[in-house]
Amino acid sequence: MSKESTPNEKDQKNQEALLDYIYSEMSLNEEASFKQELETNPALKSELKTYLHLRNLSQQHLPEQKVPPRLTKSLLAELGLRRPWYEAFAKTFMRPALAGACVLAIAITVGYQFRNQGVVEIAQPNPKTMESPLNSFDSEPDLSDLVPTAVASREPEWRVSRQPKLRGFASRQPITLASVGSSVESQPRMPFQVNDDIGQLKQESDLALAHFYYTQGLRLRAMGEHEDAARHFGLAVKKYPTYELKYQVFAQRVDSLFAAEKYEQAQKELAWLGHVSPSLAESVKQRWIQ
Amino acid sequence: MTLTLTTTFYNISLFSNMAESKQSDEALMLAFQSGNHRAFEILIRRHQNGVYNFIYRFLGNPQTTEEVFQEVFIKIHRAAEKYLPNGKFTTWLYTIVRNQCVDTFRRQKLRETLSLDARNEVTDASLGDMIAGDETPPDELASANEIEDILNYALDQLNPEQKEVFLMREKRGFKFEEIANITGASVNTVKSRMRYALEGLRKILKQSKYRELLEERD
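Here the protein sequences line up with chains A and B, keeping their order. Just so we're aligned, residue 0 is where the first sequence starts under numbering that gives the first Met the number 0, counting upward by one. Just so we're aligned, residue 0 is where the second sequence starts under numbering that gives the first Met the number 0, counting upward by one.
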């Protein structure tokens, strides 16, 4: 025999079910039967709506507070759970911007170190072999035969604007990821280290080009192309006055001019060679002038 | 070389943090029991906001909240040896939080009562005698402009048993059965307290200028 519930007991059950329904703690069957009850019980439905409004209000207007960071810090200290230094360091790397900046800084430093190690030392004129400066003549050597080839063998231009524009570098501002690749500045302002590097690279390229003309001259000379050889030796001397072997190259030019039977020009330049390097001039003289 | 080392270090620390942060509360607590202090730090960081908010809403005073917050975690730290992974860690945690809050609340009430009962030497009346009855809406409620102020006031009017049930169910998302385990009451009692809590809040909001927010809008 089933015991019928009194109105009060039914009301009590409905109230309990109402909470279960609001907080989704009902099975599907219970939910279905409670929904039926709601359809037939307007008072219960109204109560449900009031509670739902109340829930919304408390969710929207009782915001979650965040623990003040100093409180966490002091608690961890109180419990002896302070982070060791290496974890604090690792924590720094958890921030992508900081990690990026650090990696960039390390990459730049390491890159510069490697590049400086790989650079061939710039050749300087040997004071012992330098008898007198080339520009100390009353008049410069003519080397007029170089004119037509000078245009063809134009040296490359060094364009600073092709370098990366690191705005933070020049203004000594902190470098950020955003500053890399920025094209806001029309005129690149390079840091003095970078300018030094460019100067160094130019010297290196001058040296390489002078050496190229010299070896090219030797090759042409070996092939019997004396006139072309003389022109190449001349380019090395005239365009790259800091070239360490410039006097030897000049001597080769005079020798080539003699070989090309341009005696007048050869005699003239031999006289100049005699001023700057008497020993080399003497050796050329011994070959051609008896 | 430096780059490789940095990247490796970064990856190791990142993955170890990720692995630790994915562990369950119970596993972390067991790890702490076996001497891993980092596990306890993760537990603190994982639950600190929930615990802080519960205490703050229960006691309603930021300064006391900070004191109780610290006391709770110190207690847990000391009691960690006794922890048994029979149930959920959060049930154990909030049992301690709730007990600490109730103790503090009672001490506060006792101090307030003593202060209200202190007789004025001139009028020979206690402060309690001079406070108006609760038939008319109190000034605090009438002047409250923000719903949050009204809700906070309404929460303060609930008794601690109703308030704790409301906060655990509504703000921390515990099920009624879990709340029953935390408070040591039956599920029916918990539901009954919840009903009274909701009814109490509704009653106070109906006295405020935001009463229309509770009314039917369809």
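If you are wondering where the hints come from, they were derived from the structure by calculation, not from laboratory data. Careful, some of the hints might be misleading.
In silico DSBU-like cross-links for lysine-lysine, where the CA-CA straight-line distance does not exceed 35 Å [what the hints assert, rightly or not]:
1) A/K34 with B/K108
2) B/K21 with A/K48
3) B/K205 with A/K72
4) A/K72 with B/K208
5) A/K34 with B/K81
6) B/K21 with A/K12
7) B/K87 with A/K261
8) B/K205 with A/K48
9) A/K72 with A/K34
10) A/K12 with B/K81
11) A/K65 with B/K74
12) A/K12 with B/K170
13) B/K205 with A/K267
14) B/K74 with A/K48
15) A/K48 with B/K81
16) B/K205 with A/K44
17) B/K202 with A/K44
18) A/K72 with B/K202
Treat the numbers as computed from the prediction; the structure is a model and nothing was measured.
Results for each hint:
1. Taken as a hint, the A/K34 and B/K108 pair is broken in the structure, with Cα atoms around 43 Å apart against an allowance of 35 Å.
2. Among the hinted pairs, B/K21 with A/K48 is inconsistent with the structure: their alpha-carbon atoms are about 39 Å apart, more than 35 Å.
3. Using a Cα cut-off of 35 Å, the hinted pair B/K205 and A/K72 is violated, with the two alpha carbons roughly 42 Å apart.
4. Simply put, A/K72 and B/K208 have alpha-carbon atoms about 42 Å apart, too far for the 35 Å limit, and the pair is violated.
5. A C-alpha spacing of about 46 Å is found between A/K34 and B/K81, which places the hinted pair above 35 Å, so the restraint is violated.
6. Distance restraint check for B/K21 and A/K12: the Cα-Cα separation of roughly 41 Å exceeds the 35 Å cut-off, and the hinted pair is therefore not satisfied.
7. Taken as a hint, the B/K87 and A/K261 pair is broken in the structure, with Cα atoms around 104 Å apart against an allowance of 35 Å.
8. Between the alpha carbons of B/K205 and A/K48 the distance comes to roughly 14 Å, so the proposed pair stays at or under 35 Å and holds.
9. Restraint check for A/K72 and A/K34: the C-alpha separation of about 50 Å exceeds 35 Å, so the hint is violated.
10. The hinted pair formed by A/K12 and B/K81 fails the criterion: a straight-line CA distance of about 40 Å is larger than 35 Å.
11. Annotation: proposed proximity of A/K65 to B/K74 holds, straight-line Cα distance about 21 Å (limit 35 Å).
12. Restraint check for A/K12 and B/K170: the C-alpha separation of about 25 Å stays at or below 35 Å, so the hint holds.
13. Of the supplied pair hints, the one linking B/K205 and A/K267 is violated, its CA atoms being roughly 116 Å apart against a limit of 35 Å.
14. A C-alpha spacing of about 42 Å is found between B/K74 and A/K48, which places the hinted pair above 35 Å, so the restraint is violated.
15. Among the hinted pairs, A/K48 with B/K81 is inconsistent with the structure: their alpha-carbon atoms are about 45 Å apart, more than 35 Å.
16. Only pairs whose Cα atoms come within 35 Å are accepted, and B/K205 paired with A/K44 is accepted, the gap being roughly 18 Å.
17. About 18 Å separates the Cα atoms of B/K202 and A/K44, which keeps this hinted pair within 35 Å; it holds.
18. Between the alpha carbons of A/K72 and B/K202 the distance comes to roughly 41 Å, so the proposed pair goes past 35 Å and is violated.
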